[in-house]
Amino acid sequence: MHLLDWAVVVAYLVWIVWDGLRRSKATSEVEGYFLANRSLPWWAVGLSVMATQLSAITLVGTTGRGYSEGMSVIQLYLGLPIAMVILSVTLVPFFYRAKVFTAYEYLERRFDSRTRTLASLLFLVSRALSCGVIIAAPAVILSIVLGWNLTLTILGIGLPTVLYTMVGGVQAVTWTDVKQMAVIIAGVGAAVAVLLFQLPDHVSVGEALHIAGTTGRMQALDFTWDPNKTYTFWSGLIGGLFLMLSYFGCDQSQVQRYLTAKSVDEGRQSLMMSAYFKIPLQFLIPMIGVLMFVFYLFHQPPVLFNRQHDAQVRASARTGEYGAMEQEFTAAFEARRDAATALAAARRAGGAAPLTAAEAAFRDADGRVAAIRGRATALVREVTGDQAFGDVNYVFPTFVTERMPVGLVGLIIAAIFAAAMSSIAAELNSLSTATVIDFYRRLWRTSASDAHYLAVSKLVTGFWGLVACVVAIFATNLGPLIDVVNRFGSFFYGSLLGVFVLAVGAKRATSRGAFWGLLAGMAAVALVARYSSIAFLWHNVVGCVAVVTIGMLISLLDRSSSPKGT
Amino acid sequence: MSDTPPVAGETGDERDNTRLYASVIAVEVLVLAGIWLFQRYFGA
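Respectively, the protein sequence lines represent chains L and F.
Every letter in the first sequence is one number past the one before it in my numbering, and letter 486, counting from 1, is 486.
Every letter in the second sequence is one number past the one before it in my numbering, and letter 18, counting from 1, is 18.
Quick caveat, the hints were computed from the structure, so don't treat them as lab data.
Quantities reported herein were computed from a predicted structural model and do not represent experimental measurements.
Each residue gets a CB set at the ideal place from its N, CA and C atoms; glycine is no exception.
Heads up, a few of these hints could be off.
Listed next, with one range per pair, are the computed distances between beta-carbon atoms [unchecked claim]: (1) F:Ala33 <-> L:Pro41: 31 to 37 Å; (2) L:Gly351 <-> F:Arg40: 40 to 46 Å; (3) F:Ala33 <-> L:Val89: 31 to 37 Å.
Covered, in the sense of this in silico footprint (three residues per stretch, anywhere, with C-beta under 8 Å from a C-beta of chain F), are these stretches of chain L [unchecked claim]: (4) 69 to 81; (5) 210 to 221; (6) 274 to 287.
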């Protein structure tokens, strides 16, 4: 990386850490540390909500998915605007009026202490693991692409975040999120602009998008009804609705964002910002992937974007086979480039028959390139034994470091750091809140001074930060751990939503029904995940419906306890 | 800690947000229509 790029990354880190640390003046008591004394403006909270959701995994993984598969991933967010409206009408005013610090606190008021404890414990375990993965995923990719030491990269992302979150509390999290969101938007905008400027002179933007469309990459909405397919219009609209309801309504890392707003109306407005802008913003991210696909039609890409695996295969006994594959790949790339040029020319010339023929020729040429990359990926799996290997996550960082102008490389690396740090900071802050409010202050030290709780809150933030860094270091070596974290999250989310549905919407629901319903919901999701191939977005629906159904059945049979009401 | 669970319903100091929510749904419909037209135009 050029010295100027290093300067940009270092300047970003210094700016963010300084900005976070100076917020410590406004956090002299626990309510200020965790909820900013409910004083923040809606637009800052709204940007913080968006920054928390947009992690580096989104930025790097979604651009890679856009490169390999196209725009279909946008469907994940289709349920988000509706979820925001439902939450604004239901849970947001409930949480405000209850004056709670955590979402789970409300469950004790409505049901009992064990339901609160179970929900908060599930949150702590799943979020601590996911926090580690959020650090590990970009660290692994950046360390390979840039040749950085992996442990130092993890600490470079994790420690500054822990420092300012620990000292500055939620004020630091929110105001750094605002700046990090600006860095992310600048980085995304710069990537789109550079990709558009680097199109060949003889190919217009419209022609480039038509070429990408020939391969199906412009199909953003898929209306087929197939529950086994991860991203369809219906899985995004229905499964995504349940996922977003759970994430924004029951996950403390998001609930705590809007509890810091000045009023219930400002809390609602902060969610409306995501409702309006999330889909357009998320549209740009896979579009970067599609534009990279077009870019690499005219500039030869490497067979493998992951240079570490590339080097491992070259050093193995099968280097000859790999060399032959590379030669074949170069020939296939040249044929595809010529076919793309011919397709653009056919579109300009007009005429249905020549255009159809050019499209068929291009699809055929693209298929040959994809087949060689598929064989190369299989070769890597055989040589390295890494069965989970996928190359797409390395496409964007490789493009940035090899093809972006000096200075902008630093900006995009800073944007990846910003995406990771904004999510981690919010999660550390919420982990500390749940630990102190749901466990420490309730079970261990019930009547200490505010200064004591504030000191403990800072220490607990630091503790969770260290746990996240340790998990990140181990997560880089244990590929399946990431699967475990994702599966655990999907068991948890829909089921937790079900408990809140019982709490807010079912007057007859009892504490026993809620507690056992929550466990039964997670068991139902585990069974569906184990014995069917239903896509993960539907797991949220299964979990929620199972909790509500089983929870209500138990409640109706439960004559020994009377419901507290809603 | 209060023993009385919070109740649903609007309080006097809150705005009527019906128009805001309707505008969110209207914008989503427009965005989806835009994406659909985009894919129809540029798709194969």
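| task | Mind checking the hinted window 31 to 37 Å against the Cβ distance between alanine 33 (chain F) and valine 89 (chain L)? | result | violated (25 Å)
| Residues of the segment 210 to 221 of chain L with Cβ under 8 Å from chain F, three needed, outcome | That given contact holds, which follows from 10 residues of the segment 210 to 221 of chain L lying within Cβ reach (below 8 Å) of chain F.
| task | Go check the segment 69 to 81 of chain L versus chain F for me, would you? Three or more residues, Cβ under 8 Å, otherwise it fails. | result | Since three or more residues must qualify, the claim that chain F covers the segment 69 to 81 of chain L holds, with 4 doing so at under 8 Å.
| Verdict for glycine 351 (chain L), arginine 40 (chain F) (Cβ pair) under range 40 to 46 Å | violated (21 Å)
| field | Assertion that chain F covers the segment 274 to 287 of chain L - criterion: three or more residues, beta-carbon distance below 8 Å | value | Held - the segment 274 to 287 of chain L has 5 residues with a Cβ nearer than 8 Å to chain F, which meets the minimum of three.
| said: Between the beta carbons of alanine 33 (chain F) and proline 41 (chain L), is the distance compatible with 31 to 37 Å? | reply: At roughly 32 Å between Cβ atoms, proline 41 (chain L) and alanine 33 (chain F) fall inside 31 to 37 Å, so the hint holds.
Checked against the numbered hints above, the structure violates hints 2 and 3; every other hint is satisfied.
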